[in-house]
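Enquirer: These protein sequence lines are chains A and B, in that order.
For the first sequence, this note's numbering assigns the number 2 to the initial residue and increments by one for each residue that follows.
For the second sequence, this note's numbering assigns the number 168 to the initial residue and increments by one for each residue that follows.
Keep in mind that the hints were calculated from the coordinates and are not lab data.
Please note: incorrect hints may appear among the correct ones.
Pairs of lysine-lysine residues, derived as BS3-like cross-links and limited to a Cα-Cα distance of at most 30 Å, are as follows [what the hints assert, rightly or not]:
id, chain 1, residue 1, chain 2, residue 2
1, B, Lys383, B, Lys325
2, A, Lys48, B, Lys324
3, B, Lys344, A, Lys48
4, B, Lys324, A, Lys44
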Amino acid sequence: MTHAPIRPHTLRIEPTRGWVALRLGEVVAYRELLYFLVWRDLKVRYKQTILGVAWAVLQPLLTMLVFALFFGRLARVPSDGVPYPVFAYAALVPWTFFATGLTMASNSLVASANLITKVYFPRLTIPLATVLAGLVDFALAFPVLFGLMWWYGIVPTAQVVWLPLFIALDFATALGVGLWLSALNVEFRDVRHVVPFLTQLWMFATPIAYPSSLLPEKWRTLYALNPMVGVVEGFRWALLGTATRPGPMILVSAAAALALLTGGAFFFRRMERTFADVV
Amino acid sequence: MSSNDASPDAHSFSPAPHETPPVIRVAHLGKQYQLGARATYRTLRETLVESVRGMARSIGRGRSRRVPDRIWALDGVSFDVAHGEVVGIIGRNGSGKSTLLKILSRIVEPTRGTVDLEGRVGSLLEVGTGFHPDLTGRENVFLSGAILGMRRAEIEKKFDEIVEFAEVDRFIDTQVKHYSSGMYMRLAFSVAAHLEPDILVVDEVLAVGDAAFQKKCLGKMGTVARHGRTVLFVSHNMGAVVSLCSRALLLDAGRLMLDSDAITVAARYQATLAAAPTATTDLSAAEHFGSGKARFVSLRFVPERRDGTTRELMCPGSRLRIETRIVCFAQVDSANVGITIYDASGFRLVDANTAMQGRFVSMQPGDDARIDFTLDDLRLKPGTYLVGLWMGRGNVEDIDGILYAGSLEVEPDPQQLQHSEQFPGPYLCAFRHSVVISTPDADVERPGVRNDPEPRSAAAVSR
Numbered sequence: 002m003t004h005a006p007i008r009p010h011t012l013r014i015e016p017t018r019g020w021v022a023l024r025l026g027e028v029v030a031y032r033e034l035l036y037f038l039v040w041r042d043l044k045v046r047y048k049q050t051i052l053g054v055a056w057a058v059l060q061p062l063l064t065m066l067v068f069a070l071f072f073g074r075l076a077r078v079p080s081d082g083v084p085y086p087v088f089a090y091a092a093l094v095p096w097t098f099f100a101t102g103l104t105m106a107s108n109s110l111v112a113s114a115n116l117i118t119k120v121y122f123p124r125l126t127i128p129l130a131t132v133l134a135g136l137v138d139f140a141l142a143f144p145v146l147f148g149l150m151w152w153y154g155i156v157p158t159a160q161v162v163w164l165p166l167f168i169a170l171d172f173a174t175a176l177g178v179g180l181w182l183s184a185l186n187v188e189f190r191d192v193r194h195v196v197p198f199l200t201q202l203w204m205f206a207t208p209i210a211y212p213s214s215l216l217p218e219k220w221r222t223l224y225a226l227n228p229m230v231g232v233v234e235g236f237r238w239a240l241l242g243t244a245t246r247p248g249p250m251i252l253v254s255a256a257a258a259l260a261l262l263t264g265g266a267f268f269f270r271r272m273e274r275t276f277a278d279v280v
Numbered sequence: 168m169s170s171n172d173a174s175p176d177a178h179s180f181s182p183a184p185h186e187t188p189p190v191i192r193v194a195h196l197g198k199q200y201q202l203g204a205r206a207t208y209r210t211l212r213e214t215l216v217e218s219v220r221g222m223a224r225s226i227g228r229g230r231s232r233r234v235p236d237r238i239w240a241l242d243g244v245s246f247d248v249a250h251g252e253v254v255g256i257i258g259r260n261g262s263g264k265s266t267l268l269k270i271l272s273r274i275v276e277p278t279r280g281t282v283d284l285e286g287r288v289g290s291l292l293e294v295g296t297g298f299h300p301d302l303t304g305r306e307n308v309f310l311s312g313a314i315l316g317m318r319r320a321e322i323e324k325k326f327d328e329i330v331e332f333a334e335v336d337r338f339i340d341t342q343v344k345h346y347s348s349g350m351y352m353r354l355a356f357s358v359a360a361h362l363e364p365d366i367l368v369v370d371e372v373l374a375v376g377d378a379a380f381q382k383k384c385l386g387k388m389g390t391v392a393r394h395g396r397t398v399l400f401v402s403h404n405m406g407a408v409v410s411l412c413s414r415a416l417l418l419d420a421g422r423l424m425l426d427s428d429a430i431t432v433a434a435r436y437q438a439t440l441a442a443a444p445t446a447t448t449d450l451s452a453a454e455h456f457g458s459g460k461a462r463f464v465s466l467r468f469v470p471e472r473r474d475g476t477t478r479e480l481m482c483p484g485s486r487l488r489i490e491t492r493i494v495c496f497a498q499v500d501s502a503n504v505g506i507t508i509y510d511a512s513g514f515r516l517v518d519a520n521t522a523m524q525g526r527f528v529s530m531q532p533g534d535d536a537r538i539d540f541t542l543d544d545l546r547l548k549p550g551t552y553l554v555g556l557w558m559g560r561g562n563v564e565d566i567d568g569i570l571y572a573g574s575l576e577v578e579p580d581p582q583q584l585q586h587s588e589q590f591p592g593p594y595l596c597a598f599r600h601s602v603v604i605s606t607p608d609a610d611v612e613r614p615g616v617r618n619d620p621e622p623r624s625a626a627a628v629s630r
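Input sequences plus hints: build the corresponding full structure.
Expert: Quick look at the structure:
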């Protein structure tokens, strides 16, 4: 790769079977398209809404208020020694990113049917773009967390340097699940009925309204097979310095997230060859 | 588009175009589709039920799974395309043209066979791919350009040109959902037209917009073709194919029937639609437009001698009777029925209609009418012509119309072969004429006459 080829390379189109290579290089080559798809999603998402991007903040904020009232005040759910609103919001920010990303991604291929049947580009860019677009909402909702922490007089600990890792883990989980669901949705439209249900169940299986310290220690590692457990506990640990030592949980969650993402990517590529025929 | 646009390129087809290594090599290409079962998406339940049944069956009777109905949309197609060739792909609906283009543009995978492509492929299977109604014209140019495979810098460089070609500069910052359909089409086509891949794959995009815009698109396509780009072009418009392409492929039921120069292939395609002269063409499968209150059901060309007796060949100077049959479904009052004869490139030559004779047609549902047009002294040179049918009322309504209902082969008159010097290029009519030649050796040399055989007439004679 030291100089440009004089002769364009030959591309061979032939039937493929079974599992195929991810060809991530091609996704990189199409990065400008990825950029435009993200940009389109952002442009279009809040068109014709009164509150516009404020929704990115309002969604987790309002959920937090409801949780703080019912779980925090009325049910007196423990919150690892942190004021409940901050406790819940620190979990809701990564959770909202995950839930939105997975919902949008699962519908992304079907919504782009007109593109898929008319032009070639690496199909991975479609769910990838929707999840990436969600990062902007995340970036808007996140500073509010610092506002809340300042309000309650919580100073972030040095562990905050680990935060990018948890954001990456959050992203990997959302994309991983999104890849599975988007590919399945092309062939089985059941997925669109499953997704709201799935996100709801998943939310209860994740320590958002409650701390994972409620679980007996020996169960926590198993619990962390849900990658969002590691993400949420990681966020709280890095930002609020909660006492739960999430080390083993985060390792298990990270492994689960990677497995989900890799599996999702290969499954997606395997299903990809029939997208244009079926969608 | 005039017949002059057919330009020398259109006729420079050589029987061996593969001196340079091909940039597209298609080998034994096949694409199978499953009918019914998987035509649309499935629900999980159906799949579960099916697989349980399948398992039960395989346990019960070994592997005796019922094979679902399958169809080969493309079957054993092989061809090469050299660099810079402009190749038309012709065939009826369902012949596999679109499937071929979709495989070449990597949208669907073949079931068997291979394609080797050298260079960047751009495909244009639809006008407005990737346009989003909520975005402005400017934003859509960038989005659609990126989706079609243009680099951002490339789009920026060509942006003014794109907007200018589309004639929408005043509205470029307006959301495209507020555009008229014409503006939308123009902008969408303009983005696509400025795509500069090594290999361009185009499907039927010219079938949109008004006549003026279509002409502009054809002009742009011609420019693209002349700039040495390799183009594959699917169309039902024989005129466009003949004027843009040097070579064409005829597909029928997924198989490659003919690979030759565009005129020969267009003529064969018309012939497959129209069958042989004097045979009746069934128009039930033709592409009709109009309200459908009545339909043309058949068309027949009958060559006659001056005395009205039928002759074998349609030759210049014959009398031509064009018989049409019309079936009526809803009341038709005072309709005009007409025929149009086009040359092989779609250029309109002759019109004849009942209104010209002061006659109109009224029909009741269930009526079956026959209308014959007789053209005395057919002044068409040997070659292939296309005949269109139309029934309607002035500018009020189209009742039924078929753009190209059949093809008419005019053969050289066997008794006058000594006079049938063939000139390359599309021709119009032959006039009765006389020549006075005053060079001393005029009878020996005949200045200006080329002697190379003309492929079209050769094909016509052999038929």
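Enquirer: Decide, hint by hint, whether the structure agrees.
Expert: Quick rundown of the hints versus the structure:
{"no.": "1", "hint": "B/Lys383 to B/Lys325", "verdict": "holds, 18 Å"}
{"no.": "2", "hint": "A/Lys48 to B/Lys324", "verdict": "holds, 29 Å"}
{"no.": "3", "hint": "B/Lys344 to A/Lys48", "verdict": "holds, 13 Å"}
{"no.": "4", "hint": "B/Lys324 to A/Lys44", "verdict": "holds, 23 Å"}
Of the numbered hints given earlier, the model fails none.
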